[in-house]
Amino acid sequence: MNTNPTFPLATHASARLSILLLLLLALPDHAFAAGPEPIDLKSAAHFTILATATTTTTGGGIINGDVGLSPEGSQGIPPGQINGTIYNGGPIAAQAQLDLNDAIIAASPAQLPGGINAGAELGGKTLVAGVYQSPSGAYDITSVDLRLDGGPDDVWVFQMASTLTVGVGRQVILTGGAQARNIFWQVGSSATLGTSSVFKGTVMAYSSITMNASSTLDGRALVQVGAVTYNGSGGSLPMPAAPRFTSISVSTNDSVTLVLSTTPYFLLTLQTSPRLSLPNWTTVATITPATNSWSFTNNSPTTTVTQRFYRAFITPTP
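Take the position in the sequence shown, starting the count at 1, then add 85; the result is the number in our numbering.
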């Protein structure tokens, strides 16, 4: 997982010194993106694996992200295999399941009608961003690899009434800057990732997800009313988009309020510095926000500095 994202910057100059106030404002994430809006996973976003019945493994690799069961059930993945938090029952996993249900509805043909018919076999195709609906009710990636070509904010949603099957050694390959965080698979029954397959995106399945030996997932395995079997060699949350400064306001000479657009349920770090050189950055706030907008007011005196630079970045929640 990428833990070295780029750093959006904002600058606050002291009003006492009549220095120009400058803010680098970013455009909305989806301003120039193709495809639908990303599916909002809400609190389910920080789970790599989420199920209702059981989670099992026969010796898979490390999972980067949280693992949840709701209601409380048989959690069979050893804690040493999970680089995250285990939620077996309890309010956090319960809310994640409610949010997963909402996300599945949001990705459904009822909410996103008119899906493109690219055929039931996706192997050998190169697909641009958009909503795709299987004509047979199932999607297969079994003949050769699937390529998804688009920019870093482009979004793909794949709708299938029954199954998703990824063959042995098959891959989902991203080109043009496409990101795993923007790929969503809405599966009406079960999904199977074959041995040594390489898969990208969030799988939201009704009854089960199985990752076979040596398979890898850059995304999430989220099941609505069933089990997740994890025998893969690796599963990691896709890195969310970098936070963006959306506004700045100054109420006094020494008080500045910054508003950032960020990804809920991921750890946000805000740092400041009087200079852009690397050793001078100081962390002024860390938070795991529950919404996609967060504000921070810095009341530190500016009498000893002529300006403040700010940067923000997201890292996986410990």
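Calculated directly from the structure, the hints in this document are not laboratory data.
From the three backbone atoms N, C-alpha and C, an ideal C-beta is built for every residue, glycine too.
Mixed in with the good hints there might be a few duds.
DEER-style ranges, computed between Cβ atoms [as the list claims (entries may be wrong)]:
1. G174 with L363: 26 to 36 Å
2. N384 with S362: 21 to 31 Å
3. S159 with S336: 52 to 62 Å
4. K210 with G161: 33 to 43 Å
Verification of the hints:
no.: 1; hint: G174 with L363: 26 to 36 Å; in the structure: violated (44 Å)
no.: 2; hint: N384 with S362: 21 to 31 Å; in the structure: holds (25 Å)
no.: 3; hint: S159 with S336: 52 to 62 Å; in the structure: holds (54 Å)
no.: 4; hint: K210 with G161: 33 to 43 Å; in the structure: holds (36 Å)
Hint check: a violation occurs at hint 1 only; the rest are consistent with the structure.
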